[in-house]
Each structure stands twice: as C-alpha cells, then as structure tokens.
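S.K.: Based on the sequences and whatever the hints tell you, model everything.
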Amino acid sequence: FAPRVFKSHLRMASVYPGCRYVVTVRDPGRVALSFYNFFIAKRVPFLVDERTEDGDANAEPRLLMDASEFLVDTKFVRGCPKTPSSDLRASVWEYYAEYHALMECPCVLMLVYEDFVGDEDARTESIRALGNFLGVLGRGANAEGEEDGDDEDARLVARTASMSTKAYMANIMSKFDEPYERAKELGRAADVSQLAPGAKVALRTHTQTFDDRATRFLEEQWEETMEPLGYRDYNSFCAAVRERNRRLFE
5 FAPRVFKSHL
15 RMASVYPGCR
25 YVVTVRDPGR
35 VALSFYNFFI
45 AKRVPFLVDE
55 RTEDGDANAE
65 PRLLMDASEF
75 LVDTKFVRGC
85 PKTPSSDLRA
95 SVWEYYAEYH
105 ALMECPCVLM
115 LVYEDFVGDE
125 DARTESIRAL
135 GNFLGVLGRG
145 ANAEGEEDGD
155 DEDARLVART
165 ASMSTKAYMA
175 NIMSKFDEPY
185 ERAKELGRAA
195 DVSQLAPGAK
205 VALRTHTQTF
215 DDRATRFLEE
225 QWEETMEPLG
235 YRDYNSFCAA
245 VRERNRRLFE
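Residue numbers for the sequence shown follow the numbering used here, so the first one is 5 and each next one is one higher.
None of these hints come from the bench; they were simulated from the model.
Here the structure is a predicted model, which means the values were calculated and not measured.
For glycine and all other residues, C-beta sits at the position ideal for the given N, C-alpha and C.
Be careful, since some hints might not be right.
What follows is a set of in silico ranges between Cβ atoms, one per label pair, in the way DEER data are often shown [stated by the list, open to error]:
#1 L233 / E54: 41 to 47 Å
#2 L252 / T209: 20 to 26 Å
#3 A243 / C111: 19 to 25 Å
#4 V9 / A162: 18 to 24 Å
#5 R159 / K86: 22 to 28 Å
#6 L233 / S178: 36 to 42 Å
#7 L252 / S89: 24 to 30 Å
#8 R15 / L252: 20 to 26 Å
#9 R217 / S178: 36 to 42 Å
M.R.: Here's what the structure looks like:
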C-alpha cells in the first residue's frame, strides 16, 4: 500500500528525516480546551477524581482543575524544559515557530485545522491539497496527457470530505481507539491512563472559557514566540500558511 502514513507527535526537529511531512496548526486556546476535554473523557487521574462522597457510581466525577489551570499550570500545552525528573516537552508555540522555519520547505505541507471543520469549500481545498501532496490524485490521466482522471479525483475528494466530518467519524469511533490493553500488557506507556478508552471525536463545541490569567498567558506566549517572526496573531499565521501552500503546491 502506498503512500505509507505514520503519525507522530515529535517536533519536526526530532522527527525521522527523508520523508514528506504533513503538519497541522490550530488556535492554541482551542488546542488547550480540546486537550483538557480529551483527558476528561479518558478520566485521567491527575484531572479527574472518580471518588464520590456517597459512593454513587453514576455520579459525575469531580474535576481537580479547570481549563485555565490546565493551560497555565500543566506541561501539556505550555511545555516544560528538560530536568532530571522530566523530559523536554515543547510548547505549541515552539512547534509553530519550527513550522515558520520550514515555510520554504517543499517536503512539508501545513494544514489549518479550522479549514477542515469550517465551510465545505475550505475543507475540499485542503483535502485536494493533501491528495496532491501525497500523490494520490492525478493518477487517472491517460498516456496522451488528457486529464480524464479529473472526474475520478473529484469523486475521491468528495468521498474523503464526506468521511472526514465529525458526524461521520463519531459513528466509527472504535477505529480510533488506542491500544490500551496492549499498552498495559507490554508496559509501553509511562502513564497508560492517557491511552484509556475515551471519545476521540467531539460533536459539541467545548463550552469552557479561560480566566484573565489564562487569557494573558495565551497573549504573552504568542507575543514572545510568534510576533517576532512577523505574525500578529493566529489568524495572520494561518493566512501565511495558506498562501505558502498555494505558492508551493498549486
């Protein structure tokens, strides 16, 4: 089967060389809320206390921190330096700064998450860009060079678009399950609770909001890492990403 696709959470500076790479960007605040709710769904112990005072197994678990505390006080979005007791974890802004350094790299496609959950035209354009980048579109052209594969490509793009909506994926959630039991058996996760079964697709918008401290933190991190690179805010970064994709791949 080709192309072979592997998923990684490594930074681009640490990932294996010699491949073509697809990276995604998403609004950092929404990244934090998604991560927070992902852990709630998995009942990860540092965030969720399953114990209830009356022993009612059906009672809602108690949350040990709110979304603002999760953003500012844990390593998952803000990152952390390497210490004797902790590995280096890059912040989401450091990932984006690396993507800036790769703006002229033709073996990297950058996709904007919001384009996949926005209007249909933006999703279709992103899927077509991905298909072209991976080399799975354009295979139907005949030997005379006539583009009689256009209809086949259009059908493939439309099918992919219909199967990549949240509503569709929610109906096949088991396909996205992580190897929880296998990871426990082999001891291959430092915190196996992060692999616990939990919904991977959120059909409803997360309703939590950030307090003033968390809002300032988001602003300060962007100003410190991304503004010096020429990006006033996340939207201007996305605009630059879309423009470079059109310049390099259309």
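S.K.: Decide, hint by hint, whether the structure agrees.
M.R.: Results of checking the hints against the structure:
For L233 and E54, the hinted distance range of 41 to 47 Å is satisfied, since their beta carbons lie about 43 Å from each other. The supplied range of 20 to 26 Å is broken by L252 and T209, whose beta-carbon atoms lie about 33 Å from each other. For the pair A243 and C111, the supplied restraint of 19 to 25 Å holds, since their beta-carbon distance comes to about 22 Å. Range check, V9 to A162: Cβ separation about 21 Å, and the 18 to 24 Å hint holds.
Between R159 and K86 the Cβ separation comes to about 49 Å, which falls outside the hinted range of 22 to 28 Å. For the pair L233 and S178, the beta carbons lie near 41 Å from each other, so the given range of 36 to 42 Å is met. For L252 and S89, the Cβ-Cβ distance of about 42 Å falls outside the hinted range of 24 to 30 Å, so the restraint is violated. Remark: the range hint 20 to 26 Å for R15 to L252 is upheld by a beta-carbon distance near 21 Å.
For the hinted restraint 36 to 42 Å between R217 and S178, the CB-CB distance of approximately 39 Å keeps it satisfied.
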